[in-house]
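Peer 1: Each chain is listed here by its residues.
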Amino acid sequence: SQQGEEDPQALSIQEGENATMNCSYKTSINNLQWYRQNSGRGLVHLILIRSNEREKHSGRLRVTLDTSKKSSSLLITASRAADTASYFCATDKGYSTLTFGKGTMLLVSP
Amino acid sequence: EPEVTQTPSHQVTQMGQEVILRCVPISNHLYFYWYRQILGQKVEFLVSFYNNEISEKSEIFDDQFSVERPDGSNFTLKIRSTKLEDSAMYFCASRAGNTGELFFGEGSRLTVL
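Residue numbers (my numbering), protein chains in the order written: chain W, 5 to 114; chain R, 18 to 130.
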């Protein structure tokens, strides 16, 4: 299975701190994507990193990808209470469906 | 901004009843998907659809499930005879190509009693 597996399962931090979530997968990929899900809502795409990229930034988000270790990390800097959500990584072979991990539930306290 | 819309937002049904969940994907997208998420659990792939046919399906997508694009805009998921374990949030998603960002709807919550 190429399913992404995130850790930690849950993360609780204070506003202003950084949050780091990790994702591991098992097979080769075309790209890896991170999504956010507020409770009871649909998933929203955050960022995509291609297999030939090592790092990507978007606003307060920083994603890294290590294809040799088959792992990725999502860093949210200077977190806000509004960042409270579940975060999922998804692996994309490029010609097939996205496969999602179990997610990390992030709680940011004011 | 274009979005994927899903109806109904919540449906309650009796076990054994048929359910149809409807989705309107983004208009210029060609690839369509159904995922489901049992409360608090992972997002599970059900089926992908392209060029008016199923391109991939998971083990969950058994004979009780079917998909259809009846009129060029709607994309429907039918569950023929619902079971208790079908209770979940069902998400429709679409994308322009066979790779890249997926756009999700807000989901249809199905409760089977």
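Since the hints were derived computationally from the structure, they do not count as laboratory data. Each hint should be verified, as a subset may be incorrect.
As the list claims (entries may be wrong) - Cut-off 27 Å, straight-line C-alpha distance, at most; resulting in silico cross-link-like pairs (DSS-like, lysine-lysine):
(1) Lys30(W) <-> Lys59(R)
(2) Lys73(W) <-> Lys60(W)
(3) Lys60(W) <-> Lys74(W)
(4) Lys30(W) <-> Lys74(R)
(5) Lys60(W) <-> Lys59(R)
To be verified - Derived CB-CB ranges, DEER-like:
(6) Lys97(W) <-> Thr128(R): 32 to 38 Å
(7) Thr93(R) <-> Thr68(W): 38 to 44 Å
(8) Asn91(R) <-> Leu111(W): 34 to 40 Å
(9) Pro87(R) <-> Ser28(W): 37 to 43 Å
(10) Lys97(W) <-> Gln34(R): 33 to 39 Å
(11) Gly20(W) <-> Lys100(R): 43 to 49 Å
(12) Lys97(W) <-> Ser44(R): 34 to 40 Å
Yeah, the Cβ is synthetic: ideal placement off N, Cα and C, and Gly gets one too.
Peer 1: All hints, please: hold or fail.
Peer 2: Hint check results:
1. Lys30(W) <-> Lys59(R): Holds. Lys30(W) to Lys59(R) sits at ~17 Å (cutoff 27 Å).
2. Lys73(W) <-> Lys60(W): holds, 17 Å
3. Lys60(W) <-> Lys74(W): holds, 16 Å
4. Lys30(W) <-> Lys74(R): holds, 20 Å
5. Lys60(W) <-> Lys59(R): holds, 25 Å
6. Lys97(W) <-> Thr128(R): 32 to 38 Å: holds, 34 Å
7. Thr93(R) <-> Thr68(W): 38 to 44 Å: holds, 39 Å
8. Asn91(R) <-> Leu111(W): 34 to 40 Å: holds, 38 Å
9. Pro87(R) <-> Ser28(W): 37 to 43 Å: Between Pro87(R) and Ser28(W), where Cβ atoms are some 40 Å apart, the hint holds.
10. Lys97(W) <-> Gln34(R): 33 to 39 Å: holds, 36 Å
11. Gly20(W) <-> Lys100(R): 43 to 49 Å: holds, 47 Å
12. Lys97(W) <-> Ser44(R): 34 to 40 Å: Given range 34 to 40 Å: violated, Cβ gap about 26 Å.
When each numbered hint is compared with the structure, a violation occurs for hint 12 only.
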